[in-house]
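Peer 1: For the protein sequence lines, the chains are A and B, in the order given. Under my numbering, the first residue of the first sequence carries the number 1, and numbering increases by one thereafter. Under my numbering, the first residue of the second sequence carries the number 1, and numbering increases by one thereafter.
Any given hint might turn out to be false.
Repeated chains share a single entry, so a pair holds when one copy, or any two copies, can fit it.
[Said to hold, decoys possible] Taking lysine-lysine and the BS3-like style, the derived pairs with C-alpha atoms no more than 30 Å apart in a straight line are:
id, residue 1, residue 2
1, K100, K161
2, K14, K49
3, K14, K100
4, K100, K12
5, K161, K49
6, K100, K136
7, K100, K49
8, K12, K136
9, K161, K12
Worth flagging that the hints you see were computed from the coordinates, not collected in a lab.
Number of protein chains: 2
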Amino acid sequence: MNQPPAIVFREKVKPSDPEAVRLLVQSSGFFSQVEVEIALELVEEHLMKGEESGYSFLFAELQGQVVAYSCFGPIPGTESNYDLYWIAVLNDFRSMGIGKEVLQRSEQIIAQRGGRQIYVETSSRDQYEPTRSFYKNHGYGEAAQLQDFYAVGDHKVIYVKAL
Amino acid sequence: MNQPPAIVFREKVKPSDPEAVRLLVQSSGFFSQVEVEIALELVEEHLMKGEESGYSFLFAELQGQVVAYSCFGPIPGTESNYDLYWIAVLNDFRSMGIGKEVLQRSEQIIAQRGGRQIYVETSSRDQYEPTRSFYKNHGYGEAAQLQDFYAVGDHKVIYVKAL
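Just chain A, with the same shape it has in the complex (with noise of 0.2 Å):
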């Protein structure tokens, strides 16, 4: 019986990759248009400006197909700080610790570079409880909500892990 397929892992930002990114962050049905267009917008200003755009990556391929990436990079103005920005797995591959991988490896490749603590944010909605619980599995404690910040009745929680 044949192993399955192993993930590579990439840092290096693709050409290719804001059309992976797209379909990607659509197929999870967890991001509006909106957002959909600002996750595309940072892995262009990535393939612009390098690692002077202020946003790294880290890509799973299965194959030579993306199917999980995460966004994260320095919070500007904090000493030590990263955000990360965004993190997905292409919906037909949900369930199988494809998120949990891309996540260890970005607190990892985070931590080589000094990081200190890890923001992430999310939604309040029932939609997100998957993503919430999957923050607070690995190690991300909730240091905040603002109240009605991306509609009213739509929170955004903060998490934060420490490194």
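On the provided structure of chain A, position chain B as indicated by the hints.
Peer 2: Structure of chain B alone, referenced to chain A:
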């Protein structure tokens, strides 16, 4: 006896404003070099892209000199919330009520654009006690504190005002 010269307000950004903003923000002594650079970048971003940049401005001029300014814009991904990114008064012109007027006029502009809540962030350090009092005196309530955000012992305090 002559009246003191009146303050003139304008929203249009001029090519000379990045330099004016640098002087202003540096003079206050409240901002780090990194923050000064960020303040400048937002003005330049507006000069390049206009309102598309997401950054709007209000400048207060006295006899042609920019003595105070604010920078604000809609928070992407939110329904109608605004960030007040910057507000600063040239050091020699502090304690004259100019900051208050810039703040109130900025709030009016945001309200006219349909803004529902305004967020501002500052540091928990003693040095920023006047900043925190300024916001509290103008109807901003503390929404959250992120511990050790800027550095160890230097927390981020988030204020919000409903319009």
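Peer 1: Go through the numbered hints given earlier and state which of them the structure violates, listing their numbers in rising order.
Peer 2: Violated: none.
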